[in-house]
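Whole structure, please, built from the sequences with the hints as guidance.
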Amino acid sequence: MLMNGQFFSFLFHLPSDLSQYAAYGLSIPSSREQTETFQQGQPLPRCCFFVIDTGVTPDASLLLHWYDHHRRTLPWRAAPGQQADPYHVWLSEIMLQQTVVQTVIPYYQRFLARFPTVDALAEAPQEEVLQLWAGLGYYARARNLHACAQAVHKLGAFPRTVEGLQTLPGIGAYTSRAIAAIAFNIPTVPVDGNVERITARLNAVEDPLPAARPLLARLASHLNDDPAAQARPSDFAQALFDLGASLCSPRSPSCLTCPWRDGCLARARNMAEALPARQKKKARPTRHAILFRVIDPEGRVLLRSRPPEGLLGGTDDLPGTPWSESQSTPSPARLAETAFTRYAPLQAQWEDCGEVKHIFSHFTLLVRIYGCTIPAQSNYPIPPKHGRFRFLKEAVLSSVMKKCLLVGDRHRPVPGRSCFT
4 MLMNGQFFSF
14 LFHLPSDLSQ
24 YAAYGLSIPS
34 SREQTETFQQ
44 GQPLPRCCFF
54 VIDTGVTPDA
64 SLLLHWYDHH
74 RRTLPWRAAP
84 GQQADPYHVW
94 LSEIMLQQTV
104 VQTVIPYYQR
114 FLARFPTVDA
124 LAEAPQEEVL
134 QLWAGLGYYA
144 RARNLHACAQ
154 AVHKLGAFPR
164 TVEGLQTLPG
174 IGAYTSRAIA
184 AIAFNIPTVP
194 VDGNVERITA
204 RLNAVEDPLP
214 AARPLLARLA
224 SHLNDDPAAQ
234 ARPSDFAQAL
244 FDLGASLCSP
254 RSPSCLTCPW
264 RDGCLARARN
274 MAEALPARQK
284 KKARPTRHAI
294 LFRVIDPEGR
304 VLLRSRPPEG
314 LLGGTDDLPG
324 TPWSESQSTP
334 SPARLAETAF
344 TRYAPLQAQW
354 EDCGEVKHIF
364 SHFTLLVRIY
374 GCTIPAQSNY
384 PIPPKHGRFR
394 FLKEAVLSSV
404 MKKCLLVGDR
414 HRPVPGRSCF
424 T
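Per the numbering used here, residue 4 is the first one in the sequence shown, and the count goes up by one each step.
It is worth saying that the hints were derived from the structure and are not from the lab.
Among the hints, a few may not be true.
To be verified - Label-pair distances were calculated between CB atoms; the ranges are: (1) L314 / Q85: 35 to 41 Å; (2) G167 / R391: 38 to 44 Å; (3) Q112 / T289: 32 to 38 Å; (4) S255 / D71: 23 to 29 Å; (5) R287 / A123: 37 to 43 Å; (6) P217 / Q85: 33 to 39 Å; (7) A82 / R272: 54 to 60 Å.
Where is the CB? At the ideal position from N, CA and C, for every residue including glycine.
Below, the structure is given as structure tokens:
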């Protein structure tokens with residue numbers, strides 16, 4: 004007899020190595036010989052019966068009823084009963100990658116005010132796009148955002164299929180499904196961290212992330228098998244997001260008020276808060292740098308532009324040493340000696356302005372800032388490799404550079420003319 008969430012299939016022309024099917028829930032016939040053969044990756048008969056476990060498929064109408072009463076009000080969301088704008092959905096989804104909702108909202112609103120349509124964004128210079136993005140991090144997203152807008156402008160509209168959306172710059176498996184479901188009512192399940200967590204708890208998947216991701220993606224793809232979900236793809240996708248962001252939160256989930264509580268295996272086993280399990284993270288390494296803050300008589304700052312690719316690509320920063328990683332904390336005196344002899348943009352009476360600590364996703368950066376102010380009517384030739392003097396309102400500044408420009412009480416940019424945007 005088949006269990007709930009399973010279906011029976013007959014497969015012809017089986018490949019000789021079935022080990023690849025393990026991640027997809029294949030259950031090979033229970034004869035000892037065939038089971039051992041499968042486990043060892045040896046050839047099996049060309050025809051066999053198997054069962055695919057599609058996991059727990061809860062009642063979508065329960066979730067949609069909850070969503071109708073508790074949906075979040077977000078600036079990129081369409082009103083109930085209205086069709087979402089694909090430009091709004093795409094813009095918000097790109098910004099929400101690796102960034103929380105409350106941080107994204109003001110950036111989204113500024114972008115939409117400046118670029119009300121995808122065509123307006125496509126026609127803007129990339130530097131202006133980067134300036135508006137500054138502080139949001141992961142700057143490759145901004146470059147891809149601009150490239151994608153230009154591609155859509157040439158096409159005349161966003162593609163209306165998952166496959167078509169994935170041909171655009173910066174749009175992968177998750178984002179394509181999110182746009183397709185929310186903007187075009189395509190019945191597909193976009194799997195983000197919220198949906199992974201919901202799926203892991205519904206099915207009590209104890210395998211740790213990231214190894215469990217293929218299994219969770221397969222199980223999540225069946226969450227919308229229910230006819231109620233198929234009838235409302237846009238609402239169902241957003242209901243999943245809202246459930247994961249509220250009741251099915253990473254810590255202290257509110258299982259008693261969850262619309263899917265009765266079918267949740269993790270709740271039944273009293274293990275919801277422990278799921279999804281995660282592999283222990285490696286210790287975050289520390290990188291060190293010394294940067295030089297040089298102010299000219301007009302209050303401008305010496306800034307150089309980073310290469311367009313890579314971390315903080317396309318943004319402006321202070322000249323100084325590379326960001327070096329070492330097993331032990333380097334001597335400040337040794338760091339400074341190297342910095343002054345090899346990386347200082349000019350010979351000056353440098354003052355220690357303080358240290359900045361900034362945490363990136365994969366390392367911690369410790370920066371020591373040295374500053375000087377060039378006196379009026381002075382001639383200090385500075386090689387072009389160290390950058391040029393600019394007012395900060397003209398610069399593309401990351402969050403870490405804003406910290407570096409503000410630390411300490413001396414040799415700081417002039418307020419007003421060099422204010423941050």
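Consistency of the hints with the structure:
no.: 1; hint: L314 / Q85: 35 to 41 Å; result: holds (39 Å)
no.: 2; hint: G167 / R391: 38 to 44 Å; result: holds (43 Å)
no.: 3; hint: Q112 / T289: 32 to 38 Å; result: holds (36 Å)
no.: 4; hint: S255 / D71: 23 to 29 Å; result: holds (25 Å)
no.: 5; hint: R287 / A123: 37 to 43 Å; result: holds (39 Å)
no.: 6; hint: P217 / Q85: 33 to 39 Å; result: holds (35 Å)
no.: 7; hint: A82 / R272: 54 to 60 Å; result: violated (39 Å)
In this structure, only the earlier hint numbered 7 is contradicted, and the remaining ones agree with it.
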